[in-house]
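Work out the full structure: start from the sequences and follow the hints.
Top to bottom, those sequences are chains A and B.
Taking the working numbering, the leading residue of the first sequence gets 1, the next gets one more, and so forth.
Taking the working numbering, the leading residue of the second sequence gets 403, the next gets one more, and so forth.
Treat the hints with caution; some may be incorrect.
[Claimed, not checked] To spell it out: a stretch of chain B is covered by chain A in this simulated footprint if at least three of its residues, at any positions, have a beta carbon under 8 Å from a beta carbon of chain A; those stretches are: (1) 456–470; (2) 473–481; (3) 488–500.
[As the list claims (entries may be wrong)] Pairs of lysine-lysine, DSS-like flavour, derived with a Cα cap of 30 Å: (4) K33(A) / K525(B); (5) K156(A) / K481(B); (6) K450(B) / K33(A); (7) K28(A) / K450(B); (8) K28(A) / K69(A).
[Said to hold, decoys possible] Taking beta-carbon pairs under 7 Å as the criterion, some of the chain A residues facing chain B (in silico): (9) P34; (10) M174; (11) A178; (12) L192.
Don't read these hints as lab results, they were simulated from the structure.
We put the CB at the ideal spot given by N, CA and C, even for glycine.
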Amino acid sequence: MATHRWRDNPEVIARMIDSGSIQSWSAKNIVLKPNETCAIMANGKIQDILSETVLKNYVGGFTRWLGGKMGVGSSDHKLIFAMTGPFDLLVKMEGATADGAKVNGMLNLRLQIQRDDVPKLVNIFANSGRELTRGFFATMYGTEILSRVVVPLLAKQADINAVRSADFADLMEMGVRAEMRGSFDQYGITMLRAFAVVNETDLEKLQAFRQQTEVLTARADLVNETSLAALDRQQSLTLARIEAEAEVAKAKARGEVEAALESQLLDLRKQEAEWAAERDDMAARQDIQMDGKQRKMDIAMSAFEQVQAAKRERMAQEAESNLTRQQHTDDIQREMMQMAAESGALTPEVMQTFIEQQSAQKGHDSKSAVAPEQAPSSSCPSCGESVQIGWQVCPHCGITLR
Amino acid sequence: MVNHPTGGSMTIGNPADTLTYVRALGLIVGGYGAYKRDKRRETDIAVKEEILRCADRVRTHVENVHDDAYRDGNVRLAKTCQSTIEEIDALRNDVNLGETGGEHPFFSKQTTTSNKVLGKLIKHDHETLTILVKAVNRSNDLEKAAAEEGEVMKAVRETRQLVSSVRGHFSERRAVLKNIK
Numbered sequence: 001m002a003t004h005r006w007r008d009n010p011e012v013i014a015r016m017i018d019s020g021s022i023q024s025w026s027a028k029n030i031v032l033k034p035n036e037t038c039a040i041m042a043n044g045k046i047q048d049i050l051s052e053t054v055l056k057n058y059v060g061g062f063t064r065w066l067g068g069k070m071g072v073g074s075s076d077h078k079l080i081f082a083m084t085g086p087f088d089l090l091v092k093m094e095g096a097t098a099d100g101a102k103v104n105g106m107l108n109l110r111l112q113i114q115r116d117d118v119p120k121l122v123n124i125f126a127n128s129g130r131e132l133t134r135g136f137f138a139t140m141y142g143t144e145i146l147s148r149v150v151v152p153l154l155a156k157q158a159d160i161n162a163v164r165s166a167d168f169a170d171l172m173e174m175g176v177r178a179e180m181r182g183s184f185d186q187y188g189i190t191m192l193r194a195f196a197v198v199n200e201t202d203l204e205k206l207q208a209f210r211q212q213t214e215v216l217t218a219r220a221d222l223v224n225e226t227s228l229a230a231l232d233r234q235q236s237l238t239l240a241r242i243e244a245e246a247e248v249a250k251a252k253a254r255g256e257v258e259a260a261l262e263s264q265l266l267d268l269r270k271q272e273a274e275w276a277a278e279r280d281d282m283a284a285r286q287d288i289q290m291d292g293k294q295r296k297m298d299i300a301m302s303a304f305e306q307v308q309a310a311k312r313e314r315m316a317q318e319a320e321s322n323l324t325r326q327q328h329t330d331d332i333q334r335e336m337m338q339m340a341a342e343s344g345a346l347t348p349e350v351m352q353t354f355i356e357q358q359s360a361q362k363g364h365d366s367k368s369a370v371a372p373e374q375a376p377s378s379s380c381p382s383c384g385e386s387v388q389i390g391w392q393v394c395p396h397c398g399i400t401l402r
Numbered sequence: 403m404v405n406h407p408t409g410g411s412m413t414i415g416n417p418a419d420t421l422t423y424v425r426a427l428g429l430i431v432g433g434y435g436a437y438k439r440d441k442r443r444e445t446d447i448a449v450k451e452e453i454l455r456c457a458d459r460v461r462t463h464v465e466n467v468h469d470d471a472y473r474d475g476n477v478r479l480a481k482t483c484q485s486t487i488e489e490i491d492a493l494r495n496d497v498n499l500g501e502t503g504g505e506h507p508f509f510s511k512q513t514t515t516s517n518k519v520l521g522k523l524i525k526h527d528h529e530t531l532t533i534l535v536k537a538v539n540r541s542n543d544l545e546k547a548a549a550e551e552g553e554v555m556k557a558v559r560e561t562r563q564l565v566s567s568v569r570g571h572f573s574e575r576r577a578v579l580k581n582i583k
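Here it is in structure tokens:
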């Protein structure tokens, strides 16, 4: 079964239709939801108010049309449909506060059409079209609300801050409820809520601009500070990185130097060890050589001592023989002198001859005694040092001389 | 003999008997059908409409007091009246959008309904309407007190409390209906 839809736009709040105006081949049902009400008006009387029901075969259909033509049924049959749920209206709000500041905004009204009040809408249909929308109600009540409620209330407010207070909101709702009650009741409308939405005033816009400027400035300052802080951090990080790299390079270089030094030290130690070994070897060699030289020296010295001892012995023997010979000579000369004296032959000439002979003798003795001392020297064939003739061993290098 | 909330008196023969409540409801709700088999839906709608009508009466009284308080500059009283009006609107909304049932006795899936459960529903409706009638009377006293400059604030708060009680009590109706199987 086809259904007649009385409302195809959410802006529509109520509508009055002539049931005969719905023309269709088959009859249509009308379904009324819980928030929909239909007041049936026939022959100028309110017959019934229905809700939450289905009006079966109530409108349209060929037989109903035919009956209408034949004059069967009600000659005047109207249906008033209305939404019984709450609906919001926005009414423009203008006025000025006590300090002269202009206030603009919107007044939000939440209204409702009660089920039993739907027939009262006839009062509206009598003066307007057959479709009532939100815009229609806003226009119908806007001027009245503005003049009876909004402007007087705004004029009592000291400034825009008072308009934005909770007290003003309460007063606005009370004012609308009290002042508009009669007008609403006249058309079967119940007011549920009312509140004002006030736009920004010029002063508030200026304050908002100033606030925005301050916020932007503060934000710019903050951004700058943050950027500078970031740069500082970056700079410090870069410096720290450079320092760290330098330290690493130093450490690396130090490590290389230490390695080089260690290498050098190792070389030096090696060299030193070699040198020590060589030195020890040389010392050992020198010791050996020294021992050999000493031994040769000792041998040479002992040989020299032997030579010297032999020389001293020879010289002692020669001196003793000279003394013995001198003693003998003296004895002889003394005997001769005694004999010459006894014979009376001791003259000065004899004495002089005697002294000359004695001096010659002594001179010969001293020559023979000095001669070994000044013996001719020679050089060693090995070391080239001077050695005296007669030495058997060289005192410098210890080799045996021939 | 007991006094009825709406005034007057009635005779209660047996407290457990549903007939007592049916009679009492009959005094309040015109054409009360006591959920007879062929009048259950009508009875349900009649009870709801009676609640709505009583709520409207309370609302009208409170609105009168509210308007006077607003014009007298008594914002405190006007605010209290406003909250009472809001409570009444909430009650109306609850009742308007409450369950009404289908073409069958209560709900289409329900097959049987015992007299005991029906009696419980009748008793519940009676209690709801009794409280609501109290609220109506109190709102009437409220307006009278406002005219005589009596204890208006106390009266409006008591009215609001009674309306809230009706709202809460009506919400239990759904639970009672759910027990009907």
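Hints, verified against the model:
Coverage of a stretch by a chain is defined here by at least three residues with a beta carbon nearer than 8 Å to that chain's beta carbons; for the stretch 456–470 of chain B and chain A the count is 4, and the condition holds. Interface restraint, the stretch 473–481 of chain B with chain A: holds (4 residues with C-beta to C-beta distance below 8 Å; minimum three). Residue count for the stretch 488–500 of chain B with a Cβ under 8 Å from a Cβ of chain A: 5. That meets the three needed, and the coverage hint holds. The hinted pair formed by K33(A) and K525(B) meets the criterion: a straight-line CA distance of about 29 Å does not exceed 30 Å.
Restraint check: the Cα-Cα separation between K156(A) and K481(B) comes to about 19 Å, which is no more than 30 Å; the hinted pair holds. About 16 Å separates the Cα atoms of K450(B) and K33(A), which keeps this hinted pair within 30 Å; it holds. With a C-alpha separation of about 29 Å, the suggested pairing of K28(A) with K450(B) holds against the 30 Å cut-off. At roughly 19 Å between alpha-carbon atoms, K28(A) and K69(A) fall within 30 Å of each other, so this suggested pair holds.
Taken as an interface hint, P34(A) checks out: its beta carbon lies about 5 Å from the nearest beta carbon of chain B, inside 7 Å. Contact between M174(A) and chain B, as hinted, is supported at the beta carbon level, the nearest pair being about 5 Å apart and thus within 7 Å. A cut of 7 Å between beta carbons decides the hint on A178(A): the least distance to chain B is about 4 Å, and the hint holds. Against a cut-off of 7 Å between C-beta atoms, the interface hint on L192(A) holds, since the closest Cβ of chain B lies about 6 Å away.
Of the numbered hints given earlier, the model fails none.
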